[in-house]
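Protein chains in written order, with my numbering: chain W, 46 to 107; chain R, -11 to 384.
In short, the hints are calculated from the structure, not lab data. Accuracy of the hints is not assured; some may be wrong.
As the list claims (entries may be wrong) - Not everything, but these chain W residues come out facing chain R in the computed CB check (under 7 Å): (1) 55; (2) 56; (3) 57; (4) 58; (5) 59; (6) 74; (7) 97; (8) 100; (9) 101.
Computed from a predicted structure; not experimentally measured. Where is the CB? At the ideal position from N, CA and C, for every residue including glycine.
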Amino acid sequence: MKLEVSNLCEGHALCVQTAPEVFELDEDGYARIKFDRVPADLERVAELGARVCPVAAIVVEQ
Amino acid sequence: MTDPSVTTDADLFSAEAVENPYPMLAELRELAAAVYSTKYDFYVLTRYEDVREAARNWEGFTSSRGVALTDEFNTRIAGSVLATDPPEHDALRAVLSDKLAPRGLAVVREQIAAYAAELVAELVAQGRFDGVTEIARVFPINVVADLVGFPTEGRDKMQPGADATFSAFGPFGEYAQQHLPLMADYGQWMAQMADRSKLAPGGWGEAVMDAVDDGRLSEDGARRTFSAYLTAGMDTTVNAIGALLRIFAERNDIWDALKTQPSLAGPIFEEVLRFESPVVGFWRVATRDAHFHATTVPRGSRVLLHWAAANRDPRKYRNPDLFDIDRNPIDHVAFGYGIHACAGQGLARMEVVTLLAALAEQIDEIHLDGPAVRGRNPIVRGYDSVPLHVTARGTK
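All chains, please: the whole structure from these sequences, using the hints.
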């Protein structure tokens, strides 16, 4: 699975709160994905983290 | 103009529906995915997935033709951040998003915590106070006014003005008509405040005026931005705090849980947002025919995205009418969703979590000291009064 954080991200950090294994905040306070490809065992939690983004900034590519 | 397949003649904004909208919303939710209101000429979406999808799909459900019910009010808010789509919308939102997003708020966290502690200490010393008029309508108002950089004078116009303005998003019924003078008074005051000499340096107000100076925003745009942020910036927080205080006073199990485990403040705030949905919804206009299960919303229809109905959808939340502190429903739509989602939700979270920490630290027991009184605003759900009696922690 590939995820992308779009330029809609405002740093509300709900993804980090929900799925800290997958998301973190960068130096400027925006969300960042820890992986190029999300490992299979983290796909479910990654999807949850993407889903809670309040501004729909996280795109699940596959 | 349309050929609605499933209709209702129920009044979603009657006094009874405002007092307790949930039985009617549950009926509508089961009737069909989209139901046409013959009384008001709009479609209402009540199911969580549909409401969320319509909010996400800003191209199919535009805000640029207004997010209020009436043409009169949509004309007034035209061009504001609430009532535009990209690309205009993005420039307006960007003016303050640097300040409003969590990364911009770290610098004010301590200031807000100190104010919360001070306010709660005063009220605990009093012992008896009104949770609405002495906390809910005081704390968020002063936090926002301080952040914007407003003088103290005139702040008393903010909450009544914001409440009146919100009511005008719905039908121009008795409540909105009665409160029009407050809205006018508030509008005049805000227009006067869009002036550098009135604003404290370094605040959000100054950031708006900077945007005017370097051409990102017109002067009219500055007034609209003040209005959008101040109005939207208070009522959700004000009404969530009022509702929470009532819940704490009536549900000792929840109050005890917060006292023993202050980290529950976040989940408790998310749950009250889901449970109460202080802003019941906003409208959009369908830019093309939209299909929700068996129902079609024809192009050009006004559509109410009913946050309050979505947040009680049993397809999404088990036992939706139960206030459950273990739920932590951070995907609720009380702040909306997508590009128009509340820009100040980070601030709201910080404010309320900070306030709950101060309450839990200083208060031992909290009880109702008289009947709680619901407000009558058709668009913003909350209380006019929650009389409380508290005892201080550690002085039993």
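Which numbered hints fail: No numbers; nothing is violated.
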